[in-house]
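I would like the entire structure built from these sequences, with the hints used as guidance.
Chains as they are written, first to last, in my numbering: chain L, 1 to 214; chain X, 1 to 349; chain U, 1 to 427.
These are computed hints drawn from the structure, not numbers from a lab.
In silico SDA-like cross-links for lysine to any residue, where the CA-CA straight-line distance does not exceed 20 Å: (1) K344/U x I63/L; (2) K78/U x I147/L; (3) K78/U x H192/L; (4) K239/U x V221/U; (5) K181/U x A212/U; (6) K137/X x P135/L; (7) K43/L x R294/U; (8) K36/L x H21/U; (9) K282/U x D38/L; (10) K37/L x G278/U; (11) K211/U x R300/U.
All values derive from a computational prediction rather than experimental measurement.
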Amino acid sequence: MSFLEFVEGPLFLFAAGVFVLASLWRFVGIIRIGRKKDISPPKGSAAGGFIAGNFRHFFPRGIFARRTWLHIVGGYGFHLGLLALVVLGAPHVAFLEDRLFGFGWTPLPRWGFILVADVAFAGLIVLWVRRISDPVMRLISSRADHIGSILIFLVMLTGAFAMQESHDLLRAIHMLMVDIFLIYFPFSRLFHGFTFVLSRGNTGATYGRKGMNL
Amino acid sequence: MQDCFDHPSPRPVSQLAALLLTAVFVLLMATGGGFAQSVVPPGNAVNLDQTFGPSAPRGTESASDFWRAFRGGDPNDLLRVLPDGRAMTTTGQYWRAFREDYITVKVLWLPAIAIVLLALHQLLRGPMRISAGRSGKTIPRFTLNARVAHWFTAVVFIFLGLSGLTILMARPVLVPLLGNDISSVLVSAALQGHNVFGPLFIFALMWLFVKFIRGNFFQIVDFKWIFKLGGLFGGHVSSSQFNFGEKSWFWMVILLGSVMSVTGLALEFPWLIGDLRLLQASTILHAIGAVALITVSLGHIYVGTIGMEGAIDSMLIGEVDENWAKEHHDLWYEEMTGKSASDPTEDTT
Amino acid sequence: MSEQNKAENRAEIAVAKFLEHTDAEAASFFDACVHCGECAQACHFYLNTGDPKYTPTYKLKPMERAYERHKAPFSTLKRMLGLTPSEVTEQELLEWEPLVYDSCNMCGRCTLVCPMGIDIAGTIRKMREGYAAADMVPEGLKRSAEFVRKTSSPMGVTIKALKAQIAHQEKDTGIPIEIDKHGADYMAIFSSMEIMGYPEVLGAYAKLFKKAGLSWTISSVAYEATNVGVQIGSAPMAKEILQRVVDAAEALEVKHVISPECGHAYGAIRWAGPNLMGRQFKFEVVHIIEVLDRLRREGRIPAGPKDGRRMTLHDPCQIIRRGGLLKEPRSLLDDSCSDFIEMKGSGITNFCCGGGGGVSANPRAEDLKLAAFNSKAAQLDAIEGLEAVVVPCANCRTVFEDGLDDQEMDLEVIGLSELVAQTLADT
Numbered sequence: 001m002s003f004l005e006f007v008e009g010p011l012f013l014f015a016a017g018v019f020v021l022a023s024l025w026r027f028v029g030i031i032r033i034g035r036k037k038d039i040s041p042p043k044g045s046a047a048g049g050f051i052a053g054n055f056r057h058f059f060p061r062g063i064f065a066r067r068t069w070l071h072i073v074g075g076y077g078f079h080l081g082l083l084a085l086v087v088l089g090a091p092h093v094a095f096l097e098d099r100l101f102g103f104g105w106t107p108l109p110r111w112g113f114i115l116v117a118d119v120a121f122a123g124l125i126v127l128w129v130r131r132i133s134d135p136v137m138r139l140i141s142s143r144a145d146h147i148g149s150i151l152i153f154l155v156m157l158t159g160a161f162a163m164q165e166s167h168d169l170l171r172a173i174h175m176l177m178v179d180i181f182l183i184y185f186p187f188s189r190l191f192h193g194f195t196f197v198l199s200r201g202n203t204g205a206t207y208g209r210k211g212m213n214l
Numbered sequence: 001m002q003d004c005f006d007h008p009s010p011r012p013v014s015q016l017a018a019l020l021l022t023a024v025f026v027l028l029m030a031t032g033g034g035f036a037q038s039v040v041p042p043g044n045a046v047n048l049d050q051t052f053g054p055s056a057p058r059g060t061e062s063a064s065d066f067w068r069a070f071r072g073g074d075p076n077d078l079l080r081v082l083p084d085g086r087a088m089t090t091t092g093q094y095w096r097a098f099r100e101d102y103i104t105v106k107v108l109w110l111p112a113i114a115i116v117l118l119a120l121h122q123l124l125r126g127p128m129r130i131s132a133g134r135s136g137k138t139i140p141r142f143t144l145n146a147r148v149a150h151w152f153t154a155v156v157f158i159f160l161g162l163s164g165l166t167i168l169m170a171r172p173v174l175v176p177l178l179g180n181d182i183s184s185v186l187v188s189a190a191l192q193g194h195n196v197f198g199p200l201f202i203f204a205l206m207w208l209f210v211k212f213i214r215g216n217f218f219q220i221v222d223f224k225w226i227f228k229l230g231g232l233f234g235g236h237v238s239s240s241q242f243n244f245g246e247k248s249w250f251w252m253v254i255l256l257g258s259v260m261s262v263t264g265l266a267l268e269f270p271w272l273i274g275d276l277r278l279l280q281a282s283t284i285l286h287a288i289g290a291v292a293l294i295t296v297s298l299g300h301i302y303v304g305t306i307g308m309e310g311a312i313d314s315m316l317i318g319e320v321d322e323n324w325a326k327e328h329h330d331l332w333y334e335e336m337t338g339k340s341a342s343d344p345t346e347d348t349t
Numbered sequence: 001m002s003e004q005n006k007a008e009n010r011a012e013i014a015v016a017k018f019l020e021h022t023d024a025e026a027a028s029f030f031d032a033c034v035h036c037g038e039c040a041q042a043c044h045f046y047l048n049t050g051d052p053k054y055t056p057t058y059k060l061k062p063m064e065r066a067y068e069r070h071k072a073p074f075s076t077l078k079r080m081l082g083l084t085p086s087e088v089t090e091q092e093l094l095e096w097e098p099l100v101y102d103s104c105n106m107c108g109r110c111t112l113v114c115p116m117g118i119d120i121a122g123t124i125r126k127m128r129e130g131y132a133a134a135d136m137v138p139e140g141l142k143r144s145a146e147f148v149r150k151t152s153s154p155m156g157v158t159i160k161a162l163k164a165q166i167a168h169q170e171k172d173t174g175i176p177i178e179i180d181k182h183g184a185d186y187m188a189i190f191s192s193m194e195i196m197g198y199p200e201v202l203g204a205y206a207k208l209f210k211k212a213g214l215s216w217t218i219s220s221v222a223y224e225a226t227n228v229g230v231q232i233g234s235a236p237m238a239k240e241i242l243q244r245v246v247d248a249a250e251a252l253e254v255k256h257v258i259s260p261e262c263g264h265a266y267g268a269i270r271w272a273g274p275n276l277m278g279r280q281f282k283f284e285v286v287h288i289i290e291v292l293d294r295l296r297r298e299g300r301i302p303a304g305p306k307d308g309r310r311m312t313l314h315d316p317c318q319i320i321r322r323g324g325l326l327k328e329p330r331s332l333l334d335d336s337c338s339d340f341i342e343m344k345g346s347g348i349t350n351f352c353c354g355g356g357g358g359v360s361a362n363p364r365a366e367d368l369k370l371a372a373f374n375s376k377a378a379q380l381d382a383i384e385g386l387e388a389v390v391v392p393c394a395n396c397r398t399v400f401e402d403g404l405d406d407q408e409m410d411l412e413v414i415g416l417s418e419l420v421a422q423t424l425a426d427t
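Right, dumping it as structure tokens:
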């Protein structure tokens with residue numbers, strides 16, 4: 001078995017397995033900590049608030065825009081760009097078709113792939129350089145925050161390296177980084193990709209009971 | 001309070017980043033050879049089997065007639081002929097000769113010389129200290145957005161510089177050192193990475209321009225600065241928010257950066273241009289501009305970090321020590337604080 | 001027991017409480033925070049000092065660390081591998097104590113800017129449970145707690161003092177106020193600040209309720225609404241204080257208890273109350289603003305001539321943002337003044353006055369409180385020709401008076417009930 005076959009085959013399956021199982025374990029683990037039932041007479045729906053809270057926090061409030069636009073643009077750029085390049089990049093579509101779904105869809109052309117990758121890179125770099133050059137960020141950032149940023153950066157960078165698709169080694173290194181990322185994800189800060197539903201939802205539910213949509 | 005918890009101790013983080021990067025590259029080096037047979041030609045590669053021209057030198061057409069006709073023809077005509085697989089165009093010969101004779105190796109002496117000079121300055125004269133010592137009081141110099149714009153450009157610039165040098169040095173340096181197989185992998189990676197990061201630099205350049213244009217216009221005081229060589233060899237130099245060196249660097253980045261952007265776009269999306277001669281010129285300009293920027297950036301990095309005490313603060317926390325401001329940007333200090341920079345009666349300690 | 005052991009015990013007590021109060025909600029907050037620092041941009045303590053340590057999420061660090069070390073999923077595994085943060089020490093807890101008590105009003109503005117929607121204010125409230133249990137509480141709050149134990153009021157207001165104020169208001173308005181009236185529909189409770197500082201509110205209640213034909217009373221054993229237990233963060237103390245009100249209301253068999261114009265008192269009895277007591281009450285808790293709004297809509301307290309001064313409204317955090325009463329005060333004001341103008345950022349995104357969450361009862365935090373008021377002063381300053389500000393919270397009111405004095409701003413501060421009573425139709 002070649003190195004590429006290993007990182008795309010058994011190691012990928014292992015990493016994906018760890019990702020799914022550990023994520024489930026942690027997600028359920030957080031919920032299972034449980035909370036006391038709120039018995040104060042409600043004014044509105046907690047369940048409705050849970051859902052509303054999740055959507056409400058996708059949209060930044062105008063009053064904070066002037067102080068936070070950099071972070072908002074960077075954050076959205078990174079996340080949306082990453083989503084687009086994972087889902088629409090031609091090699092990714094081929095990989096997903098081959099390994100997971102059995103069917104594919106129309107990918108972006110090369111220039112489109114570069115464009116969304118650039119949006120993602122730009123966002124990520126903005127988020128990270130903000131982390132090192134803002135006193136607030138320097139104070140509150142932990143090692144895990146930097147590791148998460150650097151890891152996803154390396155995944156994307158090795159992906160960029162492999163874009164010519166002419167060297168198995170470059171593809172293998174990219175896949176290795178993907179595998180490492182998948183394994184690291186559920187144990188780290190990166191897990192915010194799932195917990196945001198709970199945190200927004202819990203706050204939304206609290207406010208929903210009070211008849212507010214914050 | 002700041003030291004109680006695991007804070008971004010920059011060192012472990014950068015160490016980790018360096019470790020991961022090194023691991024990637026070591027892996028590349030170690031296994032590159034074994035992967036040689038797995039290399040497949042890229043989709044847009046030239047098919048070397050379809051040759052034309054005097055493949056049978058003793059045939060009906062004489063070689064000199066063929067070459068004469070070829071030179072007089074359309075410069076965009078490709079000739080795929082040479083036994084080692086290189087393709088040619090009529091102008092390509094001159095372009096290749098120029099590039100190999102002057103660009104790929106010789107210009108690299110410039111950054112090398114710069115490094116030696118800076119090292120000598122550091123060893124012989126040492127870093128520029130704040131002569132009055134730190135006052136402990138700070139004044140704001142760069143806003144967060146300006147800092148982010150700067151570091152954004154820095155990250156992209158460093159990455160483009162490293163990958164660009166890899167591309168430039170491939171044949172003269174990497175192939176002899178590492179062999180064809182590993183070099184091929186490295187250059188493929190560098191080129192693709194360079195292509196992805198290239199457009200980011202255009203964005204960074206525009207951001208930088210908007211954020212730093214204020215304060216970067218040349219003034220009379222800058223001429224005095226030139227005569228004293230910026231105080232690198234002692235003596236007091238007056239300057240406002242940015243000194244002559246910084247302003248020159250700013251305009252150099254903007255102007256050369258624009259050249260890099262245009263030529264880079266042409267090289268990344270050649271169908272935008274369609275004329276080989278322009279593309280050939282682009283590679284030359286792109287390489288010269290890059291080496292110039294890299295060379296001067298070394299000086300910028302040196303003065304901004306170890307070369308001058310207190311300078312890095314402005315870009316890390318956005319504030320500088322008052323005494324630093326007085327010594328290096330006295331006119332700006334006076335403008336900011338309304339106090340005199342040279343008046344010894346003003347208490348600043 | 002040596003000093004060393006005692007010290008460890010305090011940290012252990014706090015950590016145990018942190019963990020006890022880290023429920024699924026707090027856990028989801030800790031596991032969702034990406035340390036993006038946006039919360040700093042919403043916090044008036046950070047905005048007015050520029051000191052990064054006032055970043056809201058930073059204030060939670062010790063509790064977050066305890067959670068990561070002991071309770072988070074995979075914490076056992078990570079602890080075995082040496083990947084969990086170290087144990088929280090007493091020294092760290094003491095360093096964080098001013099952050100937790102002096103620089104957080106639990107106003108919840110940071111939640112609005114948080115991309116993860118994290119309720120930092122609510123988590124600070126849980127964190128204070130650990131501090132209270134370990135007896136790491138600012139002196140000012142401890143003193144308030146002492147007063148409460150003795151007199152039920154954090155300012156030491158006795159029933160004798162209350163009766164004197166009632167008598168005074170009865171004389172002023174000519175309307176009798178019945179104490180301990182069994183079977184009344186409503187029982188009003190007040191904050192000490194109102195009783196001693198703004199007793200006109202008693203007269204306003206009398207006037208409004210007489211007009212509405214509402215049967216109401218004040219209990220002689222449970223007239224105090226403020227709950228220093230909630231501010232300190234001690235559930236047992238909060239419960240004890242609440243118990244008095246619940247017992248008195250249920251003994252008088254009233255149908256409703258009216259929470260006064262006091263921010264945290266409303267949250268304490270309306271939202272936290274039944275959870276603290278572990279049961280639902282036999283009466284309904286209503287805020288005075290809700291009562292007035294209801295009476296107004298039923299036509300029982302018709303509005304008369306409006307106050308013509310240029311006025312704006314301050315939104316007390318615990319009533320508006322965290323209390324859910326956004327529209328009611330505004331509809332009342334529409335009827336009561338002719339030149340009402342909203343301040344910039346009004347409503348749920350409004351700035352806190354800087355004195356909530358026990359900060360105003362904590363003299364150590366005085367400078368910080370006045371600094372935080374800058375944000376409020378700037379909002380007020382931005383309104384041209386402003387003559388008065390309606391502040392429907394007695395605690396905010398005192399903070400406003402301090403703050404305006406400090407800023408040398410000349411502005412009248414009035415309560416909402418008083419304004420509604422003043423602009424009541426004569427007929």
